[in-house]
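Based on the hints, put chain B in the right spot on chain A.
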Amino acid sequence: MMKRSTFSLRSDLVQILMMSLIRALAYAVVLSVLFVLGYIVVRGAGALISEFLFSAPQIDMNGGGIRPALIGSVCLIIGSSLISVPIGIVTALYLNEYASNRPLVSIVRAVIGHLAGFPSILFGLFGLALINLLLQPLFGFGPSIVAGSLTLGVMNIPFIIRVTEDSLMSVPCVRREASMALGATKWETICRIVIPDSLPGIVSGILFSMGRVAGEAAPIMFTAGVLNQRGFPGSVFDGVTALPYYLYEISTAAVQNQQSSNFQYGAAITLLMLVFLFNGAGIIVRNSLNKRLKK
Amino acid sequence: MSKLKIKGESLLLDALMKRIFFIAALFCTAILLSVIFVLFREGIPLLKSVTLKDFLFGIEWNPSGAEPRFGILALIAASIFTTLLACLIAVPLAIAVAVYNSEIARPSVKAILTPGIEIVSSVPPVILGFFGITLVAPFLQDVLHMRNGLNMFSAAILLAFIAIPSIASISEKAIAGVPSSLKEASYALGANRWQTIFHITVPTASPGICTAVFLGISRVAGETMVVLMVAGGAAALPESIFSSVRPLASAIVAEAAVSAVGTPRYYALFAIGIVLIIFTALFNMLADRLGGRYAAKPDRGA
Chain A
0 MMKRSTFSLR SDLVQILMMS LIRALAYAVV LSVLFVLGYI VVRGAGALIS EFLFSAPQID
60 MNGGGIRPAL IGSVCLIIGS SLISVPIGIV TALYLNEYAS NRPLVSIVRA VIGHLAGFPS
120 ILFGLFGLAL INLLLQPLFG FGPSIVAGSL TLGVMNIPFI IRVTEDSLMS VPCVRREASM
180 ALGATKWETI CRIVIPDSLP GIVSGILFSM GRVAGEAAPI MFTAGVLNQR GFPGSVFDGV
240 TALPYYLYEI STAAVQNQQS SNFQYGAAIT LLMLVFLFNG AGIIVRNSLN KRLKK
Chain B
0 MSKLKIKGES LLLDALMKRI FFIAALFCTA ILLSVIFVLF REGIPLLKSV TLKDFLFGIE
60 WNPSGAEPRF GILALIAASI FTTLLACLIA VPLAIAVAVY NSEIARPSVK AILTPGIEIV
120 SSVPPVILGF FGITLVAPFL QDVLHMRNGL NMFSAAILLA FIAIPSIASI SEKAIAGVPS
180 SLKEASYALG ANRWQTIFHI TVPTASPGIC TAVFLGISRV AGETMVVLMV AGGAAALPES
240 IFSSVRPLAS AIVAEAAVSA VGTPRYYALF AIGIVLIIFT ALFNMLADRL GGRYAAKPDR
300 GA
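Residue numbers (numbering that gives the first Met the number 0), protein chains in the order written: chain A, 0 to 294; chain B, 0 to 301.
Treat the hints as calculated values from the structure; they're not laboratory data. Just to be clear, a hint being listed does not mean it is correct.
To be verified - Below are the EDC-like pairs computed for lysine to aspartate or glutamate, each with C-alpha atoms no more than 16 Å apart in a straight line:
no., chain 1, residue 1, chain 2, residue 2
1, A, K185, B, E102
2, B, K6, A, E187
3, A, K185, B, E8
4, B, K17, A, E187
Bound conformation, chain B alone:
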């Protein structure tokens, strides 16, 4: 009898916990959905003062003028070119690191390099920004005789530092996931190590490597502190890779402190945020789609 009673109590507790967990999960979903909802709710009112076309394709960004202008084409161009340039630097290097670590390095080197890559991917961007201000920009100015060291090029170099570890660690998992029977078959046919890497391993892992690259792009496109500190901040269409630029993310920070609530300028911050959401969602989706069989999930936030 008493045993039955205990059983009854624990069943009751079980049913209760199930409800509690359900409600908590619902609550959590509500919070997360509210993040997206709030950003849209505060961003869309901008369309009362600017048309969508003028917002997206207007060249002039001058929210503080007597006649404020909210064209973000220059900011979008800055984001795209800075991200592209950073990836141009980062992707070959990251893939080289991944191939080296998974196919070439000795186990003892690998034992240091793998956690090393992970640790380096946690370096706060603000430290890279600081490094850019104190060392990279003065170097470009003094040694390469640039007018202003704070520009798209130096921002791209530092963004590459952020992209390399994350691209390398995900690519490496994809390369490690290539079945060894494929490689052995290649060796058995007389291919040497390089031929096997170039013709078998990397092509087989390429869906995973693409995932890594797109996640890297998404991360770099939304990165704020580095571009805020190093990209220069001029809200104009870039003329060359050495132009001072203001990518989307840094425009948000630059305006947030001085925008009064409820003004078009305030709504513009969130509207830029929406553009950023669309950019990153696009690349995250591409990363998911291309993932394929050998794609590895990133274990840490991208």
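Isolated chain A (complex conformation):
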């Protein structure tokens, strides 16, 4: 009896100790993340005025704003989605709806699996080779909106395929079978049943992929990057700068002054908000889907 209670006392002590340790570690992580984000928000919030967001930097960087980088980011987000979204969705539809278990499917899935785990810098290298092997010799343009969008678009294809397939798989098979039993063809079933049912999942995947593009610097450094651009890009064959690349350049520049630090914090908070905007929207769309499914 005595032994039993001391044993239980000890294990209670261990429990209290270990649970508090885990709690403390978790709080430490949360606090340090909040510190990093809070630091950038507090230092950068002052910069978030329309003049900073929507005007070009002055040549000596003594004033003005980050408009060129913001425009570049928007161009690349739209351009890359134009490539990754249609190709990714159609491929996912084929893999999940049409393809029977053929060698092609297993090859495609293996390639997608590998590429989804590729570091983004490798897509930057791919873009660099694409420019040197194809775009420059055949079409005569180098780093540009098109080249950057191609690079980021190809980078996001595996991601779009995965999220689309996940949401296609969540559509119950009975829905498809019911549609086919009523005499609809496969294509009609896809159009009227499968896509509408999985749309929220696909949309949230697209939003996440846009958030990914918005934050990437490594793939566009040598495929889209032009730094000293001030006005609007004249055409899609012009180079652009984008927020993450711009932030990298101005924060590693050799010459720094008070103004340049304003630029850095301002660019950092703008980038953070842009990325959170897309990811937050993606989470909201996905959660609304989950709620609908629970009903």
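Relative to chain A, chain B alone:
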């Protein structure tokens, strides 16, 4: 009659769409395979100027010298040690967060923490790099009296910020996937909450947690912007964790802007890329293998 005709048309459309989808999927596969093909095609010619042994095990990395040297051992060592150090910091913390969130936290806390982890995993690395330059490095320099705050240690701290949310969210799914009957059986035998977590829940979820850790390693090993901005950039074998280093990914960026097409220096970029492919593929494969029954798929790109 007209009904039959409509049926015929829709069957035709159906057959047509099937072909179109097939061709599109083929096209997509071709694009994706070409990514891998191009990287190898542009990387392998380096072997004309350097032997494989000198490339992988050569200590001197000096592609711009009069007599260029392409030994990447120092870069590989930098990548390995930086990744290891980052994971040493990240793994215990990430598992603590996952256990806390799935087993200890109140539902109201969980409702904030789960999307919070997801949002934090989307923070662009370049912002962490910027934070490293403006705050972490000066702090290490001034407060801890280091000669140079831009080093392996500060890079590892910031890489841990990238690894923690991704490891935590995948581990958490693995922990949540442990059948509650196992836990209930443990409680019924008189185990308390900690004993159940330590002896039942975490061991059962361990294949999934291993997957999470290997995916985290793979992601950290390929991460570019943080190490480019914070690791210091010296292409030498690291002497201590406070040495300035240049991991593989940042070496690619550092050279890309100044390498003329068709030179050994240009091919070397892609050859480093191939090494990076092998590293990440290895860890992704380990993650797949260890996955097991309770492994959860990551829903966002690793």
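Results of checking the hints against the structure:
no., hint, result
1, A/K185 with B/E102, "violated (44 Å)"
2, B/K6 with A/E187, "holds (12 Å)"
3, A/K185 with B/E8, "holds (13 Å)"
4, B/K17 with A/E187, "holds (12 Å)"
In the structure shown, a violation is registered for the earlier hint numbered 1 alone.
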